Every structure is written in structure tokens, then in C-alpha cells.
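Sequence lines, in order, name chains E and F. Take 1 as the starting number for the first sequence in our numbering and just add one per residue. Take 111 as the starting number for the second sequence in our numbering and just add one per residue.
Source of the hints: derived by calculation from the structure; they are not laboratory data. Hints may be right or wrong, so weigh each one.
Mimicking BS3-like on lysine-lysine, the simulated pairs with C-alpha atoms at most 30 Å apart in a straight line are [to be verified]:
| hint | chain 1 | residue 1 | chain 2 | residue 2 |
| --- | --- | --- | --- | --- |
| 1 | E | Lys55 | E | Lys97 |
| 2 | F | Lys117 | E | Lys63 |
| 3 | E | Lys71 | F | Lys117 |
| 4 | F | Lys175 | E | Lys57 |
| 5 | E | Lys59 | E | Lys17 |
| 6 | E | Lys71 | E | Lys55 |
| 7 | E | Lys102 | F | Lys117 |
| 8 | E | Lys63 | E | Lys17 |
| 9 | F | Lys175 | E | Lys71 |
Simulated restraints, written as ranges between beta carbons of each label pair [said to hold, decoys possible]:
| hint | chain 1 | residue 1 | chain 2 | residue 2 | range |
| --- | --- | --- | --- | --- | --- |
| 10 | E | Glu60 | F | Gly208 | 16 to 24 Å |
| 11 | E | Leu70 | F | Lys117 | 40 to 48 Å |
| 12 | F | Ala112 | E | Lys59 | 16 to 24 Å |
| 13 | F | Ser169 | E | Glu9 | 37 to 45 Å |
| 14 | F | Ser179 | E | Thr18 | 45 to 53 Å |
All figures in this text were calculated on a predicted structure; none of them were measured in a lab. Glycine residues also receive a C-beta, built at the ideal position from the N, C-alpha and C atoms.
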Amino acid sequence: SQKIEQNSEALNIQEGKTATLTCNYTNYSPAYLQWYRQDPGRGPVFLLLIRENEKEKRKERLKVTFDTTLKQSLFHITASQPADSATYLCALDQRGKIIFGKGTRLHILP
Amino acid sequence: SAVISQKPSRDICQRGTSLTIQCQVDSQVTMMFWYRQQPGQSLTLIATANQGSEATYESGFVIDKFPISRPNLTFSTLTVSNMSPEDSSIYLCSVAVGQGEGGYTFGSGTRLTVV
């Protein structure tokens, strides 16, 4: 069956450290993968998209990698700040539709 | 990117009634997507709404329960019909930026509680 799994429901990281979130998928062949941030009571906000032929993409303190062999994406936030605390969702395209993982709640501890 | 106005932001409804959620986009878009997010869960796609044709529903969702209108390229509604407490959830609409390669923009969501 098709699955998108994100590591641990919650992740606590000390301020200033790098937070790394994992997204694994099975039985999908996405052309691209996306990462979103969701704050409580709000809709998801798009952060980054990485295509299947791209290994890595960066945006300010964010970095995403995409390994289609391992069927995995890693999402890194460097120099993390308490304001980065939120739920982060990965999403795959599947024939024009976007399928979301359950998300990882990230807490950056001051 | 597009800006979506979604309303109502929240509502408490009696079981057996219906609620219509509206999404207005500030630009013309071909497809609009409706999602449900149950407590502690991820977003689940309900249906894709194209202007001028019937919506395409995902497995587990039917038109009689979730009728959708798409009268023009900037507006759509989702109705949750004959509600039960199991319908308590957040409902979100979304549009693609470009061909989806710029990500998707979401409305702020409608938090529905059925009592």
C-alpha cells in the first residue's frame, strides 16, 4: 500500500542547533516533493519544492534533500529559533494531486 | 502567489444540518482542492473542483455528502451535508501556484464542530 511516513510525531531541539525532519514514502513515484509549515489553527504554508532530478535545495536557513533511491527526503533547519516551532508536513504529487504526510511537531527549546 | 479568503473560520452545528464553506481566490485558477484535517491527522483530499464540470471525489468521499460548486474560476463552495459528530474537523481549500511547482496556497481553514 502507499504510505508517507514522517519521523516521530514530535521533535525537541535546542535553540541554535540544526533540526532534521525525515519523510519516507513507499509505492509512490513523485515527480516532486514539497514541504509545508503549519501553525495551530492555520492552513499549511508552502516552504520548498524539490524535483526528482534534484538532490538538494536551499532557502535561507532551510535545506531539503531528496533521494529517490531511498525514497526519502530530509528537511533541515539550521540555527533553529523558537519561532521555527510548528508542525512540518511533507507532501508528494500523485498524478496532479498532493498527498500529505501526518507531519512532525517541532519544538525549538530556548 | 494567490490569496484565498475562506469562510466561515469556525462554526458549531447541530447534527443533521448542513454547512456551506466558501473559498474566494484573488486570481483565476483552473483547479481548486478541498481537504479535511481531522484532529491530530494530516490533510486528506476530499475532491478536486474544476470550473464548468463536476468535482472529482477521492475514495471514501461522495457527492451527496460533500456537494461542491465551482461557478467560476475564482470561487468554490463545499457543503458538509447531514452532519454527524464524525464530521467535526478542519476543512481547507487550496489552489496550485503555477502548475503546482510553486507549491499550493491554502485558505485559513474552517473549524467545524458538530454537536
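Results of checking the hints against the structure:
A hinted pair counts as satisfied when its Cα atoms are at most 30 Å apart, and Lys55/E with Lys97/E qualifies at roughly 22 Å. With a C-alpha separation of about 34 Å, the suggested pair Lys117/F and Lys63/E falls outside the 30 Å cut-off, and the hint is violated. Distance hint between Lys71/E and Lys117/F is unfulfilled; the C-alpha atoms sit about 38 Å from each other, more than 30 Å. Among the hinted pairs, Lys175/F with Lys57/E is inconsistent with the structure: their alpha-carbon atoms are about 41 Å apart, more than 30 Å.
Taking the CA atoms of Lys59/E and Lys17/E, the gap is near 17 Å; set against the 30 Å cutoff, the hint holds. This hinted pair checks out: Lys71/E and Lys55/E have alpha carbons roughly 12 Å apart, not beyond 30 Å. Between Lys102/E and Lys117/F the alpha-carbon distance is near 25 Å, which keeps this suggested pair within the 30 Å criterion. At roughly 14 Å between alpha-carbon atoms, Lys63/E and Lys17/E fall within 30 Å of each other, so this suggested pair holds.
A distance of roughly 36 Å separates the Cα atoms of Lys175/F and Lys71/E; the hinted pair therefore is violated under the 30 Å criterion. Glu60/E and Gly208/F have their C-beta atoms about 21 Å apart, which keeps the hinted 16 to 24 Å range intact. At about 42 Å, the beta-carbon gap between Leu70/E and Lys117/F stays in the expected band of 40 to 48 Å. For Ala112/F and Lys59/E, the hinted distance range of 16 to 24 Å is satisfied, since their beta carbons lie about 20 Å from each other.
Between Ser169/F and Glu9/E the C-beta distance comes to about 25 Å, which lies outside the given range of 37 to 45 Å. About 46 Å separates the C-beta atoms of Ser179/F and Thr18/E, a value consistent with the hinted range of 45 to 53 Å.
In terms of the numbered hints stated before, the structure departs from hints 2, 3, 4, 9, 13, listed from lowest to highest.
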